[in-house]
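Guided by the hints, dock chain B onto chain A, whose structure is given.
Chains as they are written, first to last, in UniProt numbering: chain A, 1 to 389; chain B, 1 to 389.
None of these hints come from the bench; they were simulated from the model.
A couple of the hints might just be wrong.
Pairs involving identical chains hold if they fit within one copy or between any two copies, as the list cannot separate such chains.
[Claimed, not checked] Below 27 Å or equal to it, Euclidean Cα-Cα: the simulated DSSO-like pairs (lysine-lysine) are: (1) 219 - 207; (2) 367 - 384; (3) 219 - 19; (4) 19 - 207; (5) 279 - 340; (6) 231 - 207; (7) 350 - 277; (8) 283 - 207; (9) 225 - 279; (10) 54 - 384; (11) 277 - 19; (12) 277 - 207; (13) 277 - 219; (14) 207 - 279; (15) 384 - 63; (16) 231 - 277; (17) 231 - 279; (18) 64 - 384.
Please read all numbers here as calculations on a predicted model, not as lab measurements.
The chain contents come next:
There are 2 protein chains.
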Amino acid sequence: MMVTSVAPVNIAVIKYWGKRDEDLILPINDSLSGTLSVDAMCTKTTILASSTLKENIFLLNGKKQSFENPRLLNCLQEIRSRANPGLPQLNWNLSICSENNFPTAAGLASSAAGYACLVHALAALFQIEGDISAIARRGSGSACRSIFGGWVQWCMGSSPTGEDSIARPIAPASHWPEMRVLILVVDDQKKKYSSTTGMQRSVETSKLLEYRATEIVPKKIEAMKEAILMKDFESFARITMEDSNQFHAVCLDTFPPCVYMNDTSHAIVNMVHTYNKFKNSSKVSYAFDAGPNACLYLLDSVVDEIFSVINYVFPPVTSHQADYITGIPITREPISEELKSVFEHNVLDKYGALRYLIHTTIGDGPKTLNSPDDHLLNLNGLPKRSYDD
Amino acid sequence: MMVTSVAPVNIAVIKYWGKRDEDLILPINDSLSGTLSVDAMCTKTTILASSTLKENIFLLNGKKQSFENPRLLNCLQEIRSRANPGLPQLNWNLSICSENNFPTAAGLASSAAGYACLVHALAALFQIEGDISAIARRGSGSACRSIFGGWVQWCMGSSPTGEDSIARPIAPASHWPEMRVLILVVDDQKKKYSSTTGMQRSVETSKLLEYRATEIVPKKIEAMKEAILMKDFESFARITMEDSNQFHAVCLDTFPPCVYMNDTSHAIVNMVHTYNKFKNSSKVSYAFDAGPNACLYLLDSVVDEIFSVINYVFPPVTSHQADYITGIPITREPISEELKSVFEHNVLDKYGALRYLIHTTIGDGPKTLNSPDDHLLNLNGLPKRSYDD
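So that you can see chain A by itself, here it is in the shape it has in the complex:
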């Protein structure tokens, strides 16, 4: 009995930061994200349930993981409690094999896609019907948003048991087909603290966080939903940037402070504002998660030009464009002299500051793959491919 699912990454435009319940993963505010196409970035997970498996196995990107991870066990337990008690596979061991189609070294949030994919595959395996976003939430908070495609709101809910802390689709991917996403992967050697640690510390020490969560975010959620439904890019861009900045402001207000953006991240912010000022309109917006990488939301009409700007401000050190940009191809146009003149001349310290770029769109939610070729495991529960590193 084998199932394989793929699930997407999502990038929040109204950020989730702070839990009111650590175990149930209940947030202190609503959040809202775009689900990215699985073509460029996704997690794929195959699960085999078999009476012949001697033990539970969990392989993530080829590395054996402990099955005693409480978040994994919470997801499994919630799934099993919803299944028909007569299912034989409820008593069998599992072999789980999961991998990302994007480099994990990039520091791109992969736990959302990972847990959404795991829960989606488990739901197929145990024949669960109905909304599974609250189950995915037990794995990683933002994973609940990756259960749906398009634009997705995570409603914080008010129940102490978390049953109403679920994701809700706002608009499908097809609603705003012009929307593009450019991810700028920033070179950075700093050791990171996990977002779990960071948000715990923020809840305990930031005096601004509660005000943000209770007074500011509810209004932003409404304004953002309207901007998306009206396809009002100007408002969308402004709210996205403001919320990203405010999230990092709260991280800085934490004690000791959590600093996820670095000088390159701030140089990207500066580049976006300089470009928008030149255009006299918010043509590009940025959102930064708990790391230095930038996620730019923009419309397709702007992609070629902003790419030429990026190449001017952050000259790549590699001449292999195939390595440097993945996803949807971009036409590499020369930057106009007029546009060049508005950017800082001193780019010497920005050579090689970007590792690579991913160009993608808003996409659909998780899906089950039905071709046997898609499975990552053989019938013995062992991975088909060999993992070298």
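Positioned in the frame of chain A, the structure of chain B alone reads:
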């Protein structure tokens, strides 16, 4: 008729950020600072009033400045309106010569010392009695705090005319003689936006600033006053660091964001927290103004050790210690192996990240210098020394 004053720099431990009146320079919250000794850092200003001067002249660090600067004119007007109308010098032109004894290139806030010194010298020239902090405030908000030595509160006041927006001494320099200040001047080529521009933008766009100003700062001011009066370094350090972080958080919550700290600044923050964690106590605290330089407040017993830590984490590129550290001499001890082990090993990118250090104490307020040798001008109102650059 010639007077010469010197006035100190001050470094806020509860930050001033945001005006409720741009012209009168009235703040949206109280602030509190330590006044630094004039031995290491000060502004010196000589003013000549003479009936033979053909025009008003203002030289700052050897460079001619416009006399039409509204802040300068506001200070002059306030001083003149308080003077005895019969004074002959009220009708004479002025030659003003001002210089800092620390490199202006350092990006250290010099306007506070500059305007405090100007107003102090003008008050002497026009024989003004009583508190002049509200006059210094018209030059630069934080200048009002440099009118007093030791620990100084700037009370925001409530009058629309600003008459109660004045500085008030909390404790003299002699109250806490163990207190030391280490300024770490960070290498940085970024173009800066002035704090005037930054705070205007914060008032207009940050949704967190008002909450900070009205709900958080008043409590912090009381807690900080108590910490200073009780010489409770642990509390002093914690509040200082939290307030510096919150000030920069509000800057980041501004749209477009104001980013004053850079990767080196954050590496200093990280060094301080690592050291304090090792000591299991807040032995060192940091405060960052609108720039990347760190101001460390610490007690004298810690100076030698933290200097060895700084040299380990940020290896200086110069071998000339005389250039690298100014102010009170520090014993250069080797760092202990135990202490070394808690800091990040990868320091390669931090070579030369610090330009130089200033070691100083809390000191007294402005004073008049009475020896003719102290004057920067000759009797013709021309500078005695030649300025080459």
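Going down the list of hints, with the structure as the test:
| no. | hint | result |
| --- | --- | --- |
| 1 | 219 - 207 | both (20 Å within a copy, 12 Å between copies) |
| 2 | 367 - 384 | within (21 Å within a copy, 82 Å between copies) |
| 3 | 219 - 19 | both (19 Å within a copy, 26 Å between copies) |
| 4 | 19 - 207 | both (15 Å within a copy, 22 Å between copies) |
| 5 | 279 - 340 | within (13 Å within a copy, 50 Å between copies) |
| 6 | 231 - 207 | between (34 Å within a copy, 25 Å between copies) |
| 7 | 350 - 277 | within (21 Å within a copy, 34 Å between copies) |
| 8 | 283 - 207 | between (33 Å within a copy, 23 Å between copies) |
| 9 | 225 - 279 | within (25 Å within a copy, 49 Å between copies) |
| 10 | 54 - 384 | within (19 Å within a copy, 92 Å between copies) |
| 11 | 277 - 19 | between (37 Å within a copy, 26 Å between copies) |
| 12 | 277 - 207 | between (33 Å within a copy, 22 Å between copies) |
| 13 | 277 - 219 | within (26 Å within a copy, 39 Å between copies) |
| 14 | 207 - 279 | between (37 Å within a copy, 26 Å between copies) |
| 15 | 384 - 63 | within (14 Å within a copy, 75 Å between copies) |
| 16 | 231 - 277 | within (21 Å within a copy, 49 Å between copies) |
| 17 | 231 - 279 | within (19 Å within a copy, 54 Å between copies) |
| 18 | 64 - 384 | within (15 Å within a copy, 77 Å between copies) |
The structure shown violates none of the earlier numbered hints.
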